[in-house]
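Chains as they are written, first to last, in this note's numbering: chain A, 1 to 298; chain B, 1 to 369; chain C, 1 to 261.
Do not rely on the hints blindly, as some may be mistaken.
[Stated by the list, open to error] Some chain B residues judged to face chain A by a derived CB distance under 7 Å, without partners named: (1) Leu-63; (2) His-66; (3) Val-102; (4) Leu-123; (5) Ile-166; (6) Leu-167; (7) Ala-169; (8) Lys-205; (9) Gly-206; (10) Met-303; (11) Phe-311; (12) Ala-342; (13) Ala-343; (14) Tyr-350.
For the record, the hints were derived by calculation from the structure and aren't laboratory data. Glycine included, every Cβ here is placed at the ideal spot set by N, Cα and C.
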Amino acid sequence: MNKLREPSLLFDRIFPVGVIVALLVIGWYAATFFLNAPYQRDLNARQGVSVTTSELVGQTMRQQKPTMPAPHQVASALWKATLGVPVTSKRSLVYHAWVTLSSTLLGFLFGTVLGVLIAVGITHIPALDRSFLPWIITSQTIPMLAVAPMIIVILAAVNITGLIPKALISTYLSFFPVAVGMVKGLRSPEAMHLDLMHSYDASTWQAFWKLRVPASVPFFFTSIKVAVAASLVGAIVGELPTGAVAGIGSKLLAGSYYSQTIDIWAALIAGSVVAMLLVALVDVAGRVTARVMGARPT
Amino acid sequence: MRFRLNWHTVVALGLMLLSLFNLPFTATSGTALPLLILWFLVLAALGALAVPPRPALVASFGLLGHAAVLLLLRSLKGAEGTATLGFYAALAASWLLGWRLVTVLSGDGKRGSEGPGTFVSLLIPALFGFWILVLWEAIARGAGIPFVLLPPPSAIGHRIMGSLPILAADFHQTVLKAVLFGFVAGSLAGFVVALLADRYRFLAKGLLPIGNMVSALPIIGIAPIMVIWFGFDWPSKAAVVIVMTFFPMLVNTLEGLRAAGSMERDLMRTYAANHWQSLFKLRLPAAMPFVFNALKINSTLAMIGAIVAEFFGTPIVGMGFRISTEVGRMNLDMVWAEIALAAVVGSLFYGVLTLIERTITFWHPSYRR
Amino acid sequence: MTDKPVISARDLSLVFETHDGPVQALSNINLDIQAGEFVSLIGPSGCGKTTLLRVIADLEQPTGGAITVNGMSPHEAREKRAYGYVFQQAALFPWRTIESNVGLPLEVMGLDRNEAARRVKHNIALVNLAGFEKKHPWQLSGGMQQRASIARALAVEPAMLLMDEPFGALDEIVRDHLNEQLLKLWAQTKKTVVFVTHSIPEAVFLSTRIVVMSPRPGRIHEIIDCNLGAERPLEIRETLEFQRIAQQVRDGLRAGHSYDD
């Protein structure tokens, strides 16, 4: 007896999300007017020009350094910074996004490998489980990102600069979710299944590959989804103290120095697009793996 | 009493032998102190080989080993950077004995064997933390690592004691103002919006995917915008924290409100309960574990948000400000002091939330007794 | 029992829309239940017995035909709290004590505090749970939890109890015991009971009438009268009369079954 109506993609997903996004854009335009209007009125009064309300609305959408840039200003800045310049140019957001993405991916890779190794160690060595796991869990409550500038500076002092220090911060941020998720995953087989393996006189190694690893796959993808997002944040924050050379983080910092609000928003959106792509990629990888392993499609 | 070999202790004994032929330990240690240390270690090793591991025996070999390592650290006094092979061999030997101790205390980990008691299960991670500090201290001072790279824990401890007023001011600025305000306002807003969205299914359907997506975005990047809008002082940091904490609470609460079982919902329906009655009597209590999950996530996010937002501009006080300026001046001991403060505040924050969670969701299977 | 029936279904049908097309869960159901009857709905899974009960309770809407409960639509009857419903599982709220679980419907109804307290105490005593008021559900055995959920259904003081395989998840010893208690309760309170089960002995032991249903489409195959008298000790199951009715139900189930799976 299946009483659930099949959810429709159009009415249960696209339409509600579309309406809310539309509301957000309208709200954004309204905010653009209300946040920029005081300065514009001030400016007009000083220059002695009087304008109608509709002219004022137009002016608030065209400021050079608005308090709140209008969506179309951000969109055109994004357009110019991606398609308007060659991707190798320092003015190209694609270039900066690539710089951030490369250290994100490297750090994510390190972090995932490290996290999985730690999880395997913890599930097989009781002493590690008892002594190390509590610290891993506690360390999640500690604001790790605060350490980022120090790592950059220390490594710079021993002449390690560029990609590696940022990747290390990403590693640092991404190995925790993977380690914790994988410990959960490797321990997820039911007692009954472990007993079954035991009844076959399977070795620890066989039980690991034939039972624990397959059981941990869903946990793996859930935790690397968190890890890849954390990795990106780590890379962006890692770019803050490097003297703003390249990357999304440096664009944010440069924008905030010179109050280039449009640039800040454009960089922010570029970072968000990278994040969405990464998460979507992990999601697809997870679904494909589940499909290949014969899980029930969701 | 019988003896049985184990690899930790055997390797440790080998290292002691190596250490014995590489005396003294440091420029100022002479040979008397090293010999005393090695003597302690040999006794500890004998204890570690004895079976069965009776509590008194384990306690005495643990104490001997740890006394040895404290003496070892003492031998570094006034002789930073002069540690010899003998010193490191003895350090490694005592570390292996420490590992052996933890292994014995942890039991064999087989199912059916009784786990360690509360005291031991706290002692084990405490030992681990202690050893991290010991190795850090011994290597930082023994090898004479430049202070600007890695100050030893003892120096950080001194710095903390010497800078309490500064730390207190930073704590006040960052935690009591930005973090607390942002955490409460952001979580509350997320919660209220979730309740509204739950009332109108359409809103929930639209907000849930958006909220899930936004949770994965680098929201911290809005910090410079918030500084432009709300100025350099704490309100801009609180604003960052509000945005960062809003979405996890929204998503988790919405998910939690769907957690009540269909049978329980039908039950409320048979009572002809209205929306608010079934919300307050059934779905909200059932959602509490999810709400607390969000609060715990948010406690960490709030600390991160407030500290990192200060990297983008701040008045001359605050934990993030201190970290970024002292890093610039290469005063790494002060940076570590702030990190230690952040760590303590972060785990206390989390701990308090866990305690409240236990009293409110006492009925949840994970807390039942 | 010559009054108007408490529950009356005419040509009732219900079609579910599923991934694999429509499923006829109920088809052409005609059934009258009089006040004070104990009616069991029995049949293999998929025969629509639970669905029928849920339609009576207004937890499911029929797609054809008519049904009245106490002379009104099931919706109105639900709003008037005409029945108490007992589920397969106890469905007690883990954050409430037994006492406040039993009092839950009374809170929803906005009943006076003193009256609510009286009913809670009375009904907890009725299901022999006195002394467990302050316990939380997980501290009780499965059988005790289900008794608490019956007390909760009775607290509304409905004239009708709708029970959906209430003892299906319990072991047979506990089940026998609860069957006896339920019969006593029924005799004491004179309530109308509609009881879904897939156990033949349970149906025969408890009921005054047994409705045998069959699947694909879900329909009533046969209605069997079953009057074993007011006094029914467990041993009645050894009597010839009991065996005869049980055999009749079994035959009905077998005839209604299409053997296509």
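Quick rundown of the hints versus the structure:
1. Leu-63: violated, 18 Å
2. His-66: violated, 15 Å
3. Val-102: Cβ of Val-102 (chain B) sits 5 Å from chain A, so the hint holds.
4. Leu-123: violated, 9 Å
5. Ile-166: Since the shortest Cβ distance to chain A is 16 Å, the answer is violated.
6. Leu-167: violated, 14 Å
7. Ala-169: The hint is violated - Ala-169 (chain B) has no Cβ within 7 Å of chain A, the shortest such distance being about 17 Å.
8. Lys-205: holds, 4 Å
9. Gly-206: holds, 3 Å
10. Met-303: Holds: closest Cβ of chain A sits about 4 Å from Met-303 (chain B), inside 7 Å.
11. Phe-311: holds, 5 Å
12. Ala-342: holds, 5 Å
13. Ala-343: Hint holds; Ala-343 (chain B) Cβ to chain A Cβ min 4 Å, cut 7 Å.
14. Tyr-350: holds, 4 Å
In this structure, the hints that do not hold are numbers 1, 2, 4, 5, 6, 7, in rising order.
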